[in-house]
Amino acid sequence: MYENVVTARHYEERLQEVYLEGKQPAFDISAGTIPGELHLAAGHEAAAAGVCAHLREEDTVTAPHRPHHVAIAKGVDLRRMTAEILGRETGLCRGKGGHMHLFDPDVNFACSGIIAQGCPPAVGAAMAADKRNEDSVAVAYLGEGAVDQGAFLESLNLAAVQNLPVVFVVEDNDWAISMPQERVTDVHTPAERADGFDMPGVRVDHDDAVAVYEAARDAVGRARNGNGPTLLDVQVHRRMGHFMGDAESYRPDEDSERAQRLDAIERLAEDLREHGVEDAELNEIREDAEERVEDAIEWARDQPEPDPEDAYEDVFVDETAAASGGDD
Amino acid sequence: MSKPASDPGEGSADRELTMSRAMVDAIASEMRESEDVFYMGEDVQDYGGIFDSTEGLLDEFGRDRIMDVPISETAYVGAAVGAAQSGMRPIAEIMFADFVGVCLDQVYNQMAKNTYMSGGSVNVPMVLTTAVGGTYNDAAQHSQTLYGLFAHLPGMKVVVPSTAYDAKGLMHAAVRDDDPVVYMFHKRLMGIGWMPAPEGPKTPVPDEDYTIPLGEANVKREGDDVTVVTLGLHVHRALEAADELEGDVDVEVIDLRTLVPFDTETVVDSVRKTGNLVVVDEDYESFGVTSEVTARVAERAPEALEAVERVAVPDVPIPYSRPLENEVNPDSDDIVEAVESLK
Ligand SMILES: Cc1ncc(C[n+]2csc(CCOP(=O)(O)OP(=O)(O)O)c2C)c(N)n1
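Going down the list, the sequences are from chains H and P.
Per our numbering, residue 1 is the first one in the first sequence, and the count goes up by one each step.
Per our numbering, residue 1 is the first one in the second sequence, and the count goes up by one each step.
Worth flagging that the hints you see were computed from the coordinates, not collected in a lab.
Bear in mind that the values here come from a model prediction, so they are computed numbers and not experimental data.
One thing to keep in mind: the hints can contain errors.
[Said to hold, decoys possible] Which residues of chain P face chain H? A partial, calculated answer using Cβ under 10 Å:
| hint | residue |
| --- | --- |
| 1 | 141 |
| 2 | 221 |
| 3 | 319 |
| 4 | 322 |
Glycine residues also receive a C-beta, built at the ideal position from the N, C-alpha and C atoms.
Produce the complete structure using the sequences and hints provided.
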């Protein structure tokens with residue numbers, strides 16, 4: 001878990017730097033090494049690592065618009081993910097998906113940038129496992145702002161009534177872009193949403209990776225043993241703006257400071273030290289992680305951009321059908 | 001809500017506004033005029049709208065009338081329908097047109113059809129605002145233009161401003177209209193800091209209220225050889241192309257401004273003059289604006305129509321990577337090429 005959280009954190013910090021390349025002095029979203037929006041997940045790592053530690057390659061994960069930490073914890077190929085974010089031909093999606101839409105079928109990982117819309121496909125993956133009598137599970141990640149969507153609530157109900165092996169993981173960072181939770185819902189914690197669906201709703205206050213790990217062990221175990229879905233709600237902290245370029249003028253300074261102070265990674269390191277892990281070992285894990293991140297970024301930079309003609313491929317499995325719309 | 005619909009003309013103003021400021025100017029004025037007008041959307045209060053569509057309104061009108069709502073498009077767009085049927089004039093914002101999928105029933109069954117299905121006994125005087133368009137590498141779920149989708153489904157008027165002057169006049173007209181109006185603004189035209197706009201959308205905007213009637217296209221540039229019909233961001237790209245072709249081909253550029261109602265006459269008159277038609281659209285090519293414009297001209301003036309070219313997104317989802325998005329999103333070079341191919 002420690003390896004996963006430090007890899008994810010370092011990855012986000014480096015992406016932040018790479019993103020700013022070419023966007024200075026005047027911030028222009030379409031310029032630079034990484035174009036488009038970029039949503040970073042610094043402060044969310046414990047929710048990814050603590051849950052994915054219980055998953056196998058064949059288990060399915062769907063992630064939302066803030067996906068990198070979850071992808072790393074699920075074992076998505078770091079080089080090809082980075083190449084995708086840089087829009088390169090050898091990226092996970094041949095440069096067509098970008099950072100919010102990472103698909104890695106090798107480890108059953110997928111994303112969607114539309115709020116809560118990863119929930120129904122996760123239910124579908126669980127349905128497939130159930131029909132085939134396999135013991136794999138599906139995990140859908142979403143933010144606390146996404147729990148007001150019909151797609152989420154409908155998915156809870158469907159998973160519950162069919163007793164499917166799904167774990168819904170809410171990363172509660174209290175903010176949906178500029179909207180604080182209390183402005184958009186009277187329900188106290190996302191976990192309480194489970195009550196109406198005859199499903200356990202488990203809240204982990206403070207992004208304590210060990211507590212997440214323990215709660216997730218029960219939830220994933222329950223699903224794997226045929227005992228149905230769980231809603232797992234993890235308090236995390238948004239250390240950065242909603243997306244790169246967000247000046248966060250709507251956010252009180254105390255709140256940003258609190259997010260910086262309550263760092264799950266520091267807490268986990270402290271736990272490990274208390275259990276006798278030497279600093280030297282922690283440093284080694286961190287340095288290895290940094291090296292892998294650096295390697296992925298360097299590798300991605302060297303990859304070619306796609307040929308413009310590739311834009312016409314992949315609309316359908318049969319590529320000759322795809323070409324008929326455009327050129328004539 | 002009846003006020004004189006006078007159009008003072010662009011030249012009458014000495015202040016220049018960005019498109020977002022002009023939109024907000026009209027909304028504020030309508031809100032001052034009537035307590036029935038209010039605005040609902042995500043991040044429209046403290047953030048002022050991701051694309052500055054409500055910048056500054058919270059200060060004047062407060063949280064009751066500029067409402068942040070849960071990420072629940074079905075609920076709040078549907079609530080706008082209900083409030084409108086109850087006699088209010090809500091404006092609801094779907095942050096990106098791509099997200100309309102999650103609430104499509106409320107849009108195409110409730111908002112669009114209730115007037116008809118009730119035999120005219122009910123009407124839905126609301127505005128649905130939404131951002132459209134790509135050109136900044138945000139991939140297939142955040143870059144669609146979807147003009148055709150909204151215009152295809154009967155019962156909604158559809159407006160697409162291309163300049164600040166039009167943005168204000170069309171917003172006044174949209175709020176005052178007794179039918180539901182979809183107001184689609186291109187992100188790249190709004191004048192937001194992090195997404196530089198081309199030359200053109202920032203124009204003089206009069207202080208006073210004025211409406212631009214829905215259903216009147218605007219001849220942006222007169223010419224004798226080829227008619228280029230377009231809307232939104234691509235009005236500016238077409239004008240750029242026309243400048244480039246100057247001296248070689250004399251291009252007439254028509255900004256449709258509204259898709260429903262559609263100004264067939266202006267387009268057909270122009271093609272009667274030039275004989276050649278190029279339709280440019282950032283939406284998908286098939287079953288969309290380019291097909292519709294071409295069909296209307298072919299029906300009304302088949303004898304005048306010598307040649308047609310369509311320049312649109314070639315029926316592929318908008319890709320992320322820069323060379324791929326550039327390939328599918330029409331630019332001024334594509335327009336130049338299409339015009340030249342007709343000569
Ligand atoms: C259906 C839909 N509506 C709106 C958006 C725009 N949007 C993107 S992220 C976001 C906030 C999400 O908040 P939350 O679920 O709490 O996740 P967080 O960003 O805090 O991780 C919104 C409103 C969207 N992508 N999809």
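| Numbered hints the structure breaks, given as an ascending list | 2
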